[in-house]
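Engineer: What follows is the residue order along each chain.
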Amino acid sequence: MSVVHRPSDETLAAFAGGQLDEGLAVVVACHVAADRRSRERVHELEAVQGALLDRVEPVPMTAGPPDPEHRTPAGPHDPAGLPTEPEMPAVLRPYGLGPWRPIGIRIAMRRVDVPRAEARVFMLRAGPGIALPHHKHTGFEWTTILSGAYEHEYGRYAAGDFDEADAEHVHTPRVDPVEGCTCIVAMTGGVQLQGWLGRLLQPLVRF
Amino acid sequence: MVPALALNVDGMRKARAMVQRGRSVVLFDPNRLIAAIARSGDRQAFAELFDHFAPRVKGLLMRGGASAELAEEVAQEALLAVWRKAALFDPTKASASTWIATIARNLRIDIARRETRSRLSQVYEILDEEDPERPDDVLSGAEREARVRAAMNHLSPDQYRVVELAFLEGFSHQDVAKRLAIPLGTVKSRLRLALSHLRGRLEDLR
Numbered sequence: 143m144s145v146v147h148r149p150s151d152e153t154l155a156a157f158a159g160g161q162l163d164e165g166l167a168v169v170v171a172c173h174v175a176a177d178r179r180s181r182e183r184v185h186e187l188e189a190v191q192g193a194l195l196d197r198v199e200p201v202p203m204t205a206g207p208p209d210p211e212h213r214t215p216a217g218p219h220d221p222a223g224l225p226t227e228p229e230m231p232a233v234l235r236p237y238g239l240g241p242w243r244p245i246g247i248r249i250a251m252r253r254v255d256v257p258r259a260e261a262r263v264f265m266l267r268a269g270p271g272i273a274l275p276h277h278k279h280t281g282f283e284w285t286t287i288l289s290g291a292y293e294h295e296y297g298r299y300a301a302g303d304f305d306e307a308d309a310e311h312v313h314t315p316r317v318d319p320v321e322g323c324t325c326i327v328a329m330t331g332g333v334q335l336q337g338w339l340g341r342l343l344q345p346l347v348r349f
Numbered sequence: 780m781v782p783a784l785a786l787n788v789d790g791m792r793k794a795r796a797m798v799q800r801g802r803s804v805v806l807f808d809p810n811r812l813i814a815a816i817a818r819s820g821d822r823q824a825f826a827e828l829f830d831h832f833a834p835r836v837k838g839l840l841m842r843g844g845a846s847a848e849l850a851e852e853v854a855q856e857a858l859l860a861v862w863r864k865a866a867l868f869d870p871t872k873a874s875a876s877t878w879i880a881t882i883a884r885n886l887r888i889d890i891a892r893r894e895t896r897s898r899l900s901q902v903y904e905i906l907d908e909e910d911p912e913r914p915d916d917v918l919s920g921a922e923r924e925a926r927v928r929a930a931m932n933h934l935s936p937d938q939y940r941v942v943e944l945a946f947l948e949g950f951s952h953q954d955v956a957k958r959l960a961i962p963l964g965t966v967k968s969r970l971r972l973a974l975s976h977l978r979g980r981l982e983d984l985r
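Top line first, the protein sequences correspond to chains P and G. As numbered in this note's numbering, residues 143 to 349 make up the first sequence, in order. As numbered in this note's numbering, residues 780 to 985 make up the second sequence, in order.
By construction, these hints were calculated from the structure, which means they are not laboratory data. There may be inaccurate statements among the hints.
As the list claims (entries may be wrong) - Straight-line Cα separation of at most 20 Å, SDA-like style, residue types lysine to any residue; simulated pairs:
no., chain 1, residue 1, chain 2, residue 2
1, G, Lys-864, G, Ser-900
2, G, Lys-967, P, Phe-282
3, G, Lys-864, G, Asn-810
4, G, Lys-967, P, Gly-281
5, G, Lys-957, G, Tyr-939
6, G, Lys-967, G, Gln-938
7, G, Lys-872, P, Arg-181
8, G, Lys-967, P, Asp-151
9, G, Lys-872, P, Arg-178
10, G, Lys-872, P, Ala-175
11, G, Lys-967, G, Leu-947
12, G, Lys-872, G, Glu-908
13, G, Lys-864, P, Pro-207
14, G, Lys-957, G, Gly-844
15, G, Lys-872, P, Ala-176
16, G, Lys-872, G, Gly-920
17, G, Lys-864, P, Pro-208
18, G, Lys-967, P, Asp-308
19, G, Lys-967, P, Ala-307
20, G, Lys-864, P, Pro-210
21, G, Lys-957, G, Lys-967
22, G, Lys-864, P, Asp-209
23, G, Lys-872, P, Glu-182
24, G, Lys-957, P, Gln-161
25, G, Lys-864, P, Glu-211
26, G, Lys-967, P, Glu-152
27, G, Lys-864, G, Ile-890
28, G, Lys-967, P, Ser-150
29, G, Lys-967, P, Gln-161
30, G, Lys-957, P, Glu-152
31, G, Lys-872, P, Arg-179
Unchecked claim - Selected chain P positions facing chain G (in silico; Cβ < 10 Å):
no., residue
32, Asp-151
33, Gly-160
34, Leu-162
35, Ala-167
36, Val-174
37, Arg-181
38, Glu-182
39, Val-190
40, Val-201
On a predicted model such as this, the values are computed, not experimentally measured, just so you know. The C-beta atom is built at its ideal place from N, Cα and C for all residues, glycine as well.
With the rest of the complex left out, here is chain P (with noise of 0.2 Å):
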């Protein structure tokens, strides 16, 4: 996998931070988790962390240390979500997901489940050639793709890959013509979603 767009340094450093919207974040875990650079960046930044950690000027505590035998230990995982299928990225394991439901010809939507997050999360599954609506939106759109990709006009978007378009953006993106495209996308604002494929996946996208 050659992954050639990435987050910007902001974006990295908020999710490294621990700062991001947990819609945006998780998007911006399907990419890290594909891409090695991106996650050292992200190990850089945590150790920016660290660095702060260690200049800051303490403040005393109230109480003293707690007696660490009377803690249970921490229970493995508890993910609420569905069997995590094969190609499904690890990170999505916490998450609950919807069925994938068609919404139009060669195309599907899944819901993912990320509890109140200010982002809506969704998967979208294109065939092979597809041109995916034409839409505009007021907030942040962020894609990972998982496999196949797409294209438009800021260049090919594959496996790996990190979409980060803002409101500025006006996207028409068509799907490659031989592996078709399964990414995940992270929307914040409204969507504005143009002609006939934009009236189906509207009642979609919408809280």
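Could you slot chain G onto chain P? The hints should help.
Structural biologist: Only chain G this time, still in chain P's reference frame:
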């Protein structure tokens, strides 16, 4: 009291002289203390780690605008997590400070978003577990830490402050602008510049 900034000189294995029982002088070596907990559940080691790190975790959170109560709770829980996870600490991947800072980050999310049943800390843990070890082409954690600290020393005080605020208080430029009483555009450009300086220096040092 000596300010923390002056006390905490750079260097990954920052050592702090501590006088114990008025006689023996030992160096503060968090890696050794964490190893002692992992090996034999050493409570003395835990107490020493707690005394050093809990007030710093609390300080870091409060600097980021958390209430004293939340900061204290995160600090307590973070050090308990250090006790439980001591065997998982790998000093070749990150310094003790970085490891503890990421534990505190995850707990801050868990505790601050308790009602919303956030699962984000699990996402960070999965990423960490899945991290493949590639000793040949990935720099060791120790090298990375040294480079990051060297790069941070080259930030201007203004840039350092904006980076610190962004990490601690969030990347809302509006909030940071208000805190520093500087225009929004200045925050944006200063943060962008600081992060790109950091990246540039890190790449030069690589």
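Engineer: Against this structure, judge whether each hint is valid.
Structural biologist: Against the structure, the hints come out as follows:
1. Distance restraint check for Lys-864/G and Ser-900/G: the Cα-Cα separation of roughly 15 Å lies within the 20 Å cut-off, and the hinted pair is therefore satisfied.
2. Only pairs whose Cα atoms come within 20 Å are accepted, and Lys-967/G paired with Phe-282/P is accepted, the gap being roughly 17 Å.
3. Distance hint between Lys-864/G and Asn-810/G is fulfilled; the C-alpha atoms sit about 13 Å from each other, no more than 20 Å.
4. For a cut-off of 20 Å, the pair hint linking Lys-967/G to Gly-281/P stands: about 18 Å separates their Cα positions.
5. The straight-line distance between the Cα atoms of Lys-957/G and Tyr-939/G is roughly 17 Å, inside the 20 Å bound, and the hint therefore holds.
6. Between the alpha carbons of Lys-967/G and Gln-938/G the distance comes to roughly 11 Å, so the proposed pair stays at or under 20 Å and holds.
7. At most 20 Å may separate the alpha-carbon atoms for a hinted pair to count; Lys-872/G and Arg-181/P meet this at roughly 13 Å.
8. Taking the CA atoms of Lys-967/G and Asp-151/P, the gap is about 12 Å. The hint holds against a cut of 20 Å.
9. Pair hint Lys-872/G plus Arg-178/P holds up; C-alpha atoms about 15 Å apart against a cutoff of 20 Å.
10. At most 20 Å may separate the alpha-carbon atoms for a hinted pair to count; Lys-872/G and Ala-175/P meet this at roughly 17 Å.
11. Between Lys-967/G and Leu-947/G, the direct Cα distance comes to roughly 16 Å. Compliance with the 20 Å bound is thereby established for this hinted pair.
12. For the given pair, Lys-872/G sits about 12 Å from Glu-908/G by alpha-carbon distance, which is consistent with the 20 Å threshold.
13. With a C-alpha separation of about 16 Å, the suggested pairing of Lys-864/G with Pro-207/P holds against the 20 Å cut-off.
14. For the given pair, Lys-957/G sits about 13 Å from Gly-844/G by alpha-carbon distance, which is consistent with the 20 Å threshold.
15. A hinted pair counts as satisfied when its Cα atoms are at most 20 Å apart, and Lys-872/G with Ala-176/P qualifies at roughly 19 Å.
16. Distance restraint check for Lys-872/G and Gly-920/G: the Cα-Cα separation of roughly 4 Å lies within the 20 Å cut-off, and the hinted pair is therefore satisfied.
17. Taken as a hint, the Lys-864/G and Pro-208/P pair is honoured in the structure, with Cα atoms around 16 Å apart against an allowance of 20 Å.
18. At roughly 16 Å between alpha-carbon atoms, Lys-967/G and Asp-308/P fall within 20 Å of each other, so this suggested pair holds.
19. For the hint pairing Lys-967/G with Ala-307/P, the CA-to-CA distance comes to about 18 Å; that is within 20 Å, so the pair holds.
20. Restraint check for Lys-864/G and Pro-210/P: satisfied, since their Cα atoms lie roughly 12 Å apart, inside the 20 Å limit.
21. Proposed proximity of Lys-957/G and Lys-967/G is supported: the alpha carbons are some 13 Å apart, at most 20 Å.
22. Restraint check: the Cα-Cα separation between Lys-864/G and Asp-209/P comes to about 15 Å, which is no more than 20 Å; the hinted pair holds.
23. Only pairs whose Cα atoms come within 20 Å are accepted, and Lys-872/G paired with Glu-182/P is accepted, the gap being roughly 11 Å.
24. Proposed proximity of Lys-957/G and Gln-161/P is supported: the alpha carbons are some 18 Å apart, at most 20 Å.
25. A distance of roughly 13 Å separates the Cα atoms of Lys-864/G and Glu-211/P; the hinted pair therefore holds under the 20 Å criterion.
26. Taken as a hint, the Lys-967/G and Glu-152/P pair is honoured in the structure, with Cα atoms around 10 Å apart against an allowance of 20 Å.
27. Between Lys-864/G and Ile-890/G, the direct Cα distance comes to roughly 18 Å. Compliance with the 20 Å bound is thereby established for this hinted pair.
28. A distance of roughly 13 Å separates the Cα atoms of Lys-967/G and Ser-150/P; the hinted pair therefore holds under the 20 Å criterion.
29. For the given pair, Lys-967/G sits about 16 Å from Gln-161/P by alpha-carbon distance, which is consistent with the 20 Å threshold.
30. With a C-alpha separation of about 19 Å, the suggested pair Lys-957/G and Glu-152/P falls inside the 20 Å cut-off, and the hint holds.
31. Taking the CA atoms of Lys-872/G and Arg-179/P, the gap is near 16 Å; set against the 20 Å cutoff, the hint holds.
32. Below 10 Å, beta-carbon pairs count as interface contacts, and Asp-151/P has one with chain G at about 4 Å; its hint therefore holds.
33. With 10 Å as the threshold, the beta carbon of Gly-160/P comes within range of chain G, its nearest partner Cβ sitting at about 4 Å, so the hint holds.
34. Of the supplied interface hints, the one on Leu-162/P holds, with its beta-carbon coming within about 8 Å of a beta-carbon of chain G, less than 10 Å.
35. Against a cut-off of 10 Å between C-beta atoms, the interface hint on Ala-167/P holds, since the closest Cβ of chain G lies about 6 Å away.
36. Checking Val-174/P against chain G by beta carbon gives a least distance of about 6 Å; that is within 10 Å, so the hint holds.
37. Proximity of Arg-181/P to chain G holds as hinted, the smallest CB-CB distance being about 7 Å (cut-off 10 Å).
38. Restraint check, Glu-182/P versus chain G: the minimum CB separation of about 7 Å is within 10 Å; hint holds.
39. Checking Val-190/P against chain G: minimum C-beta separation of about 6 Å stays under 10 Å; hint holds.
40. Interface hint status for Val-201/P: upheld, as the beta-carbon distance to the closest one in chain G is roughly 4 Å, under 10 Å.
Violated hints for the displayed structure: none, as all numbered hints are satisfied.
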